[in-house]
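Peer 1: Per our numbering, the sequence shown starts with residue 1, numbered consecutively.
Since the hints were derived computationally from the structure, they do not count as laboratory data.
Please note: incorrect hints may appear among the correct ones.
Straight-line distance between alpha carbons at most 25 Å, and here's what the computed BS3-like set of lysine-lysine pairs gives [to be verified]:
{"no.": "1", "residue 1": "K234", "residue 2": "K281"}
{"no.": "2", "residue 1": "K230", "residue 2": "K287"}
{"no.": "3", "residue 1": "K10", "residue 2": "K59"}
{"no.": "4", "residue 1": "K242", "residue 2": "K281"}
{"no.": "5", "residue 1": "K259", "residue 2": "K281"}
{"no.": "6", "residue 1": "K103", "residue 2": "K136"}
{"no.": "7", "residue 1": "K175", "residue 2": "K85"}
{"no.": "8", "residue 1": "K234", "residue 2": "K136"}
{"no.": "9", "residue 1": "K37", "residue 2": "K103"}
{"no.": "10", "residue 1": "K103", "residue 2": "K281"}
{"no.": "11", "residue 1": "K37", "residue 2": "K59"}
{"no.": "12", "residue 1": "K59", "residue 2": "K205"}
{"no.": "13", "residue 1": "K263", "residue 2": "K287"}
{"no.": "14", "residue 1": "K10", "residue 2": "K37"}
{"no.": "15", "residue 1": "K10", "residue 2": "K175"}
{"no.": "16", "residue 1": "K205", "residue 2": "K230"}
{"no.": "17", "residue 1": "K136", "residue 2": "K205"}
{"no.": "18", "residue 1": "K77", "residue 2": "K176"}
Across the chosen pairs, the derived CB separations fall in these ranges [said to hold, decoys possible]:
{"no.": "19", "residue 1": "E270", "residue 2": "I38", "range": "42 to 50 Å"}
{"no.": "20", "residue 1": "R241", "residue 2": "Q273", "range": "24 to 32 Å"}
{"no.": "21", "residue 1": "E23", "residue 2": "L152", "range": "22 to 30 Å"}
{"no.": "22", "residue 1": "K30", "residue 2": "D182", "range": "25 to 33 Å"}
{"no.": "23", "residue 1": "P26", "residue 2": "H243", "range": "49 to 57 Å"}
{"no.": "24", "residue 1": "K30", "residue 2": "N157", "range": "29 to 37 Å"}
Source: prediction; values computed, not measured.
Virtual Cβ for every residue (Gly too), placed ideally from N, Cα, C.
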Amino acid sequence: MSDKTGVITKIQRELFYVSVGNEVYPSKAKGNFRNKKITPVVGDKVDINLENGLGFILKIHPRSVLLHRPEVSNIDKCFVLSSIKSPNINLMLLDKYLLMIEKNNIDCVIVFNKTDLVSEDEKKYFADIYRNIGYKVIFNSNESSITNEELLNEFRNHINCVIGPSGAGKSSTLKKLFPSEDFISGKISDKTQRGKQTTRHIEIKMVDDNTYVLDTPGFSSFDLSFLDDKSEIKNNFVEFRKHSLRCKFNNCDHINEPKCEIKRLLEIGEISQSRYDNYLKIVEEYKKIRRY
Numbered sequence: 001m002s003d004k005t006g007v008i009t010k011i012q013r014e015l016f017y018v019s020v021g022n023e024v025y026p027s028k029a030k031g032n033f034r035n036k037k038i039t040p041v042v043g044d045k046v047d048i049n050l051e052n053g054l055g056f057i058l059k060i061h062p063r064s065v066l067l068h069r070p071e072v073s074n075i076d077k078c079f080v081l082s083s084i085k086s087p088n089i090n091l092m093l094l095d096k097y098l099l100m101i102e103k104n105n106i107d108c109v110i111v112f113n114k115t116d117l118v119s120e121d122e123k124k125y126f127a128d129i130y131r132n133i134g135y136k137v138i139f140n141s142n143e144s145s146i147t148n149e150e151l152l153n154e155f156r157n158h159i160n161c162v163i164g165p166s167g168a169g170k171s172s173t174l175k176k177l178f179p180s181e182d183f184i185s186g187k188i189s190d191k192t193q194r195g196k197q198t199t200r201h202i203e204i205k206m207v208d209d210n211t212y213v214l215d216t217p218g219f220s221s222f223d224l225s226f227l228d229d230k231s232e233i234k235n236n237f238v239e240f241r242k243h244s245l246r247c248k249f250n251n252c253d254h255i256n257e258p259k260c261e262i263k264r265l266l267e268i269g270e271i272s273q274s275r276y277d278n279y280l281k282i283v284e285e286y287k288k289i290r291r292y
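Generate the whole structure from the sequences, applying the supplied hints.
Peer 2: This is the structure:
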């Protein structure tokens, strides 16, 4: 028997694959984790005890970050990938992803994929929504290598998570950037134009010294279970933060309150209408799930 400390890099078929240096040990979670309703996730730093080559997880170290959907810990940079067309962009889903990322204080890059399918005006319209509030936006086409180096520079020296809806081109983009790695790419259904989900398990890959990448399954919907309180919604819409101090009421929700600075900026076009509309929808969705 021997004890080792490593990182969970993959979960598949109820086995946790723990990387310790150059070795990977398939491991199982001790029953006490289930009793405490604690589940190890990819990214966790863990202590394992080895018995005949099989590891048993004894301890999960404190997490710096815990993301939901996908459930993964200790990520320090998130790439949100979305197509603008084929399939059409889902701004509500994008804004929910950003809400989760902001709540966890993770650096974020938005990548618009398949940009060879849309006009320059369309690209500018969607990019401006997010660049104007401080997000880095990169245009990417899998038919071109122009943005490869820019994207690679963003990935370097981070533990990266790549998220986005089905059909956004996550796996094919990663395969282009890291051709020696086995990122799985799926085909698009002509009928739905949505990707046949090909990412069947969650796995972190070490693609370079100090650079890790997690590809995740694509989702067409995204719940709000990561939120603990309704106030986290307004507090993590980044464009609300710096302006909300000028609202008349300290606890302003930016909905029906008088002399709301956010609504004033909305009226003069300084805040995106689509972002504000999605904010209202997210608040209503949160209220509904908290009733039950």
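Peer 1: Under the criterion that the straight-line Cα-Cα distance not exceed 25 Å, is the pair K10, K175 satisfied?
Peer 2: 18 Å, holds
Peer 1: Is the hinted pair K234 and K136 satisfied, with a Cα-Cα distance of at most 25 Å?
Peer 2: 21 Å, holds
Peer 1: Going straight from one Cα to the other, do K234 and K281 come out at no more than 25 Å?
Peer 2: Roughly 12 Å between the alpha carbons, so the hint for K234 and K281 holds.
Peer 1: Hint says 29 to 37 Å; check whether the CB-CB distance for K30 and N157 agrees.
Peer 2: 34 Å, holds
Peer 1: Within 22 to 30 Å: is that where the Cβ-Cβ distance between E23 and L152 falls?
Peer 2: 27 Å, holds
Peer 1: Lying within 49 to 57 Å: is that true of the beta-carbon distance P26 to H243?
Peer 2: 51 Å, holds
Peer 1: Could you grab the alpha-carbon distance between K259 and K281 and see if it respects the 25 Å cut-off?
Peer 2: Within the cut-off at roughly 22 Å; holds.
Peer 1: Taken at face value, is the distance from the CA of K205 to the CA of K59 at most 25 Å?
Peer 2: 22 Å, holds
Peer 1: Could one say that the CB atoms of R241 and Q273 fall in the range 24 to 32 Å?
Peer 2: Between R241 and Q273, where Cβ atoms are some 19 Å apart, the hint is violated.
Peer 1: Within 25 Å, alpha carbon to alpha carbon, are K10 and K59?
Peer 2: Holds: K10 and K59 sit about 17 Å apart, inside 25 Å.
Peer 1: Has the given pair, K37 with K103, been kept, meaning a C-alpha gap of at most 25 Å?
Peer 2: Holds. K37 to K103 sits at ~23 Å (cutoff 25 Å).
Peer 1: Taking 25 Å as the top limit, are the C-alpha atoms of K77 and K176 close enough?
Peer 2: 19 Å, holds
Going down the numbered hints, you'll see the structure goes against 16 and 20, while the others check out.
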